[in-house]
Each structure stands twice: as structure tokens, then as C-alpha cells.
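Novice: From just these sequences and the hints, can you work out the full model?
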Amino acid sequence: MVEDRGYLETLRSIAEMARSVETGQSPETSEGLVASHNGAAPGSCILKSLPARLLVRAAETAIRVNPLNAPHLVGMGDMTSNGRTAPSPQRISVVRQKYWGPSARQLPVSFMENTPIDLQDHIIAHLNAWAQTSCVSFVRTNGVGTVRISRGPGGYYSYLGTDVLLIPQGQQTMNLEGFTMQTSEAEFRRVVRHEAGHTLGFPHEHMRAGLVARIDRDKAYVWFWENYGWDPLTVDQQVLTPLDEASLFGTPVDQTSIMCYQLPGSITKDGQPITGGLDINTADYLFAGSIYPKMALQMAPGTAADWDEKDDVMAPDVQAGLRQTGSVPVGV
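If you're matching positions, the sequence shown starts at 1 in full-length UniProt numbering and goes up one per residue.
Honestly, the hints are just simulated from the structure, not real lab data. From a predicted model like this one, the values you see are computed outputs, not experimental measurements. Careful: at least some of the hints might be erroneous.
[To be verified] Distance windows between CB atoms, simulated:
id, residue 1, residue 2, range
1, ASP270, GLU113, 39 to 45 Å
2, ILE117, SER266, 27 to 33 Å
3, LEU286, ALA213, 20 to 26 Å
4, THR115, LYS269, 40 to 46 Å
Cβ atoms here follow ideal geometry from the backbone N, Cα and C, with glycine treated the same way.
Specialist: This is the structure:
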């Protein structure tokens with residue numbers, strides 16, 4: 001294992017040097033999944049990051065779109081001349097929530113390549129699986145979408161939530177390498193719905209501290225290199241760095257979430273696999289509904305209370321009740 005570590009550290013150095021001389025791409029945006037040895041797209045997703053120079057703008061954009069993205073900035077800023085606290089750019093840049101906000105919203109979707117209409121519809125239908133409990137939906141546009149999907153090389157990935165607003169219009173915000181109408185329904189559910197979750201602002205479930213703690217770092221480096229060609233830096237970023245759960249979740253750890261990788265027992269400390277999710281589960285739907293509440297679901301037909309008509313509250317009592325709240329109708 002010591003020799004493996006030395007070999008992997010060498011790989012890390014080579015990868016970092018290679019990234020430093022790439023032209024036109026920053027290290028943060030150039031990382032994509034490496035094809036497996038048979039040339040097929042690998043099965044895992046990379047959550048794409050913005051260039052470091054855009055982190056402050058991304059956080060400011062997230063807060064502008066949805067002020068609830070920055071609850072933890074209170075008391076973390078610098079004192080201004082008027083005695084108020086203003087978050088510094090360094091503080092703002094640590095914002096991790098990139099949710100779109102609780103109001104109903106449609107995200108326009110376009111496709112980078114010439115894509116058959118039936119395939120476009122099928123992909124969008126799977127993106128909208130989350131709309132079962134959330135107020136955000138995806139709609140096709142003939143123009144340039146906020147969400148731009150490519151089926152070209154690069155594996156599977158998406159940017160997180162409002163970060164898609166900072167991606168140049170000539171670049172995709174989501175990649176679904178090789179997807180066609182011949183792709184299995186199981187793969188549509190597993191991959192497209194997972195990437196849609198990222199676009200809605202949901203990070204990787206397997207990066208929660210409770211699951212990261214189960215992973216053997218050395219074994220993970222070897223396994224991800226052998227299976228996906230990931231260097232240790234990528235494994236650190238995509239698997240082994242715990243997220244700030246207090247600001248992102250508020251729900252129990254769920255290894256069956258659609259947002260969780262399937263990881264084998266061979267790289268965990270207890271020998272038990274992290275099962276991962278193949279489709280949106282009940283907890284996923286509930287969480288999406290809590291972030292993007294769909295009010296109509298709270299008013300389902302047939303659930304209204306009822307009583308005898310003689311007990312109906314009459315106008316004078318309604319007015320009295322309004323006076324108690326301090327809201328007195330005009331003319332009363």
C-alpha cells in the first residue's frame with residue numbers, strides 16, 4: 001500500500017501539472033469523467049465546479065436569486081461605516097446553497113447537438129420527475145436555455161443550481177454522454193434524474209460526513225483510478241470532502257438517495273457497500289418538496305374539513321375576528 005500511495009502521489013503531481021498547462025480551460029472546469037477501458041461512458045457523475053475567479057459572483061448570484069441561500073452569513077462580515085455588518089467577498093464565496101427559491105419557476109432547456117424531438121421530450125420528462133413534489137419544472141425552448149444539455153464526450157455531469165447562470169451560453173450546463181432512445185429506462189432514471197437534482201441545487205449525498213467517514217481513503221484512491229481514471233485530487237473533491245450539512249440538508253443521511261453514489265464494500269472501512277440510489281426515493285421527494293414547496297399538494301381534493309351548515313361563521317363574527325388580528329376591513 002505504501003508503494004501504491006507513492007504511485008498515486010506521482011499521478012497526482014502529473015495530473016496537476018497537466019491541468020496547469022491546459023489552454024482555454026481552468027482546473028475547476030476541465031475535469032470530466034474518463035471513459036472506461038472499453039470506450040463506454042462511465043457510470044458516475046462529476047459535480048462540476050466554477051473557476052475560482054467566479055466563486056464570489058456565483059455566491060452573490062445565488063443570494064440574489066434566493067436570499068435564503070445565505071442564512072449563515074449573519075455575523076460573519078466586516079463592520080461598515082454605518083455600524084452594520086457587511087459580508088466580505090471571502091465570506092460570501094463560501095456560500096454552498098445554490099437553490100432557486102420557493103416560488104414556482106420554469107427552467108428553459110435546450111440541446112447543444114441536433115437531438116431528435118422524441119429524445120428531447122424523454123430527457124425532459126425525466127428531468128421533471130422531481131416536479132412531482134417540487135414547484136420547479138423544466139421546459140423545452142427553441143432558443144438558448146438556462147439549462148443546456150450535451151450528449152457529447154465528457155461523461156455525466158451538471159453544475160449546481162444557480163451556478164448554471166454563470167456558464168457561457170456556448171457551453172453545456174449538463175452532460176449526458178451517449179444518451180439515445182436506445183438507452184435503458186433504468187439508466188434514464190439513474191442518470192438524468194440525478195443530474196436534474198444537481199441543477200436543482202442538490203449536492204452528492206455520499207459526501208455527507210456520516211458516509212465519508214466509512215470510506216477508506218487509500219482504497220478509494222486505488223479503486224477510482226482503476227475504474228474511472230480519477231486521480232487522488234478528483235477523488236478528494238468528488239468523494240472524500242464532507243459537505244457542510246447544517247447549511248445544505250437538515251435530513252438524516254440516506255445512502256439510497258438518487259444523489260448518492262454506489263460504492264463497493266471493498267473501499268469501506270466496515271466492508272459494507274454504500275448502496276447508492278437508482279431512482280428518486282421517498283426521502284428525496286420529501287426533501288425536494290421542502291426546498292421547493294408545491295402548495296397545491298397541501299390542498300389535495302377531498303381533504304377539506306366540513307361541519308354542519310348551521311355552524312358556519314357569519315359575517316359579524318368574521319369581522320370581529322379580523323379586529324382581533326388588528327386587520328379591520330375598510331368601512332367596518
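Novice: Does each hint hold? Answer for all of them.
Specialist: Evaluated hints:
no., hint, verdict
1, ASP270 - GLU113: 39 to 45 Å, "holds, 44 Å"
2, ILE117 - SER266: 27 to 33 Å, "violated, 43 Å"
3, LEU286 - ALA213: 20 to 26 Å, "holds, 25 Å"
4, THR115 - LYS269: 40 to 46 Å, "holds, 43 Å"
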